[in-house]
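A.B. asks: Here is what each chain is made of, one letter per residue.
Number of protein chains: 2
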Amino acid sequence: MENITLAHGNGGRLMEQLINDVFLNYFDNEILYQKNDSAILSEIEGEPVISTDSFVVNPIFFPGGDIGKLAICGTINDLAVSKATPLYISAGFILEEGFPIKHLKRVVRSMANAAQKANVKIVTGDTKVVEKGKGDKIYINTTGFGSIKEEINKDDDIKKGDKVIINGTIGEHGLTILTERKEMSFKTSIKSDCCILSNFIRKVLNRTEGIKFMRDPTRGGIATVLNEICDRYDVGININEEDIPFQKEVKSLCKMMGLDPLYLANEGKVILIVDEEKSEKIVEIMQFFEKGKQACIIGSINQSEEGQVCMKTKIGGKRIINKLIGNNLPRIC
Amino acid sequence: MENITLAHGNGGRLMEQLINDVFLNYFDNEILYQKNDSAILSEIEGEPVISTDSFVVNPIFFPGGDIGKLAICGTINDLAVSKATPLYISAGFILEEGFPIKHLKRVVRSMANAAQKANVKIVTGDTKVVEKGKGDKIYINTTGFGSIKEEINKDDDIKKGDKVIINGTIGEHGLTILTERKEMSFKTSIKSDCCILSNFIRKVLNRTEGIKFMRDPTRGGIATVLNEICDRYDVGININEEDIPFQKEVKSLCKMMGLDPLYLANEGKVILIVDEEKSEKIVEIMQFFEKGKQACIIGSINQSEEGQVCMKTKIGGKRIINKLIGNNLPRIC
Chain A
9 MENITLAHGN
19 GGRLMEQLIN
29 DVFLNYFDNE
39 ILYQKNDSAI
49 LSEIEGEPVI
59 STDSFVVNPI
69 FFPGGDIGKL
79 AICGTINDLA
89 VSKATPLYIS
99 AGFILEEGFP
109 IKHLKRVVRS
119 MANAAQKANV
129 KIVTGDTKVV
139 EKGKGDKIYI
149 NTTGFGSIKE
159 EINKDDDIKK
169 GDKVIINGTI
179 GEHGLTILTE
189 RKEMSFKTSI
199 KSDCCILSNF
209 IRKVLNRTEG
219 IKFMRDPTRG
229 GIATVLNEIC
239 DRYDVGININ
249 EEDIPFQKEV
259 KSLCKMMGLD
269 PLYLANEGKV
279 ILIVDEEKSE
289 KIVEIMQFFE
299 KGKQACIIGS
309 INQSEEGQVC
319 MKTKIGGKRI
329 INKLIGNNLP
339 RIC
Chain B
9 MENITLAHGN
19 GGRLMEQLIN
29 DVFLNYFDNE
39 ILYQKNDSAI
49 LSEIEGEPVI
59 STDSFVVNPI
69 FFPGGDIGKL
79 AICGTINDLA
89 VSKATPLYIS
99 AGFILEEGFP
109 IKHLKRVVRS
119 MANAAQKANV
129 KIVTGDTKVV
139 EKGKGDKIYI
149 NTTGFGSIKE
159 EINKDDDIKK
169 GDKVIINGTI
179 GEHGLTILTE
189 RKEMSFKTSI
199 KSDCCILSNF
209 IRKVLNRTEG
219 IKFMRDPTRG
229 GIATVLNEIC
239 DRYDVGININ
249 EEDIPFQKEV
259 KSLCKMMGLD
269 PLYLANEGKV
279 ILIVDEEKSE
289 KIVEIMQFFE
299 KGKQACIIGS
309 INQSEEGQVC
319 MKTKIGGKRI
329 INKLIGNNLP
339 RIC
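Going down the list, the protein sequences come from chains A and B. In this text, residue positions in the first sequence follow the working numbering: the first is 9, and each later residue adds one. In this text, residue positions in the second sequence follow the working numbering: the first is 9, and each later residue adds one.
Simulated from the structure, these hints should not be mistaken for lab results. These numbers come from a predicted model, not from an experiment. Misleading hints may appear alongside valid ones.
No copy labels: a pair is met if it fits in one copy or bridges any two.
Claimed, not checked - Here are the computed lysine-lysine pairs in the BS3-like style, where the Cα-Cα straight-line distance is at most 27 Å:
| id | residue 1 | residue 2 |
| --- | --- | --- |
| 1 | Lys-43 | Lys-220 |
| 2 | Lys-301 | Lys-289 |
| 3 | Lys-199 | Lys-286 |
| 4 | Lys-157 | Lys-43 |
| 5 | Lys-140 | Lys-190 |
| 6 | Lys-110 | Lys-331 |
| 7 | Lys-157 | Lys-256 |
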């Protein structure tokens, strides 16, 4: 059989075959082999952390990754920015009738590779099939499970003067998806920054002090994360346009397409709020690693009563970076 | 705004409003209020257990329940049959553009009610929006997280003579969905048996010994679960047709529609494999509770070399109950 049929989702023989040939084959681990509807794990130390995300990205294959890699990286990174060590992940598939099984295999292989990089096991799963026209090839939910052993900073810890750090250039993932979707008439070399951040973050955490908050600026971009920080901690944030790292091509393409890179999704970036005094040291340590090579300070916490994100532009002006309103950029992740 | 728009999935203001008005409002708990991309939980005792399921049932509202109730019950019951105590659950929504927000509220309220009955907290979530025609109203993934404190029976514990028990009548959920979908010209009183089984199962476990294996016969019905048991433990199973409990109306409707109730999904049933000597006592204790009132022994383990499920029919014949092959009954759950 070359394509997914409705019978692949009915609990019978074809589904069993799909599970054995595809999922067990690539996700191969002893817990999955329990073949239960639940995965029974070893006892864990520390506070458990759960994160869930559904992935509906269109197109499902894109430069730099695919929906499978994204589904693992996205959820693992959400755990990592909570200072959790990712341990296990579950995968729920919603397949559209007619989806080629070879494409499913490609996606599942990507998931297996990404999970291996993050040192997590895909321990349980579920497959549903919907009729043609009731889905779009493949949707994946991943739910990640990790643990936190260290002490977490208290929420009131963020204060005026704290620095805002990012580990590298922004906008690549969102721009990749949008240019792929628009079928641009020219070739670009831009590719998604989609990657596993947990090892990098763990190494930085082990070598530094003063990291108060982390968040990965995915859907809605860094503009959205910075606004969330303002809401959450009742602070304002100043950023400097000229400090924000971009790839040259991202900048020119954004200009051409009328896109604001501050709102474009990233899938391999992390925003950190850190103690002012320790900020230089943290950047230095981040730069030591591949995924932090271009780490830099892009702004700082102030205490504006309005709780706004304010960007000092290159020509010396000021621009308020608002939350995204009514902009239709879905299926980016 | 009355309907879901693409902008409800872009990470901006509309999405924030949806999260506050709908999800935080109904799922109300302190962990969810952390408003992180991850939920940080209290340390747990025992072995952690994870179970995941995506729900794509069509129609989303049906007699006896809706996709929201189903999404909580299905995942909680998967944990419960592993002897786990369900603790937390995550919810991932894939909404179709144009889906009425009042329907979303109804679904989310059902989820909240079911979670409350199971004494679990919905601690983290995610919302994606897909274009009209790329989904079907609403798909929900739930991933449940629980713990097992007691000792689990070893796999080789199942042997010839062990009894097969079910807690009540079969086929209602599957038949409800199919009759709803076929828009039958007459009224039936059949409704889905969809319910939370965790409290019932816990009470039975606390009062009995000798329960070796449990599984909820959802997609694929009891025929599928019994075949899975044969594969897993390398045994055969005999069941007696006249011992299998049915509602009268289910029986006659199945006859009329040419359906085999053994393959119809159940969402409030559990199959148990128990020690022969303790089986009568276990049935008695199950019958003590509302959800076990009609509990009965329907068969036993044998050691047929073929590892088949064999049913003794009412007229004294024998019928092999095979795995489901190529039958298109998707979107039942």
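A.B. asks: What are the numbers of the hints that this structure violates, sorted from low to high?
C.D. replies: 3, 7
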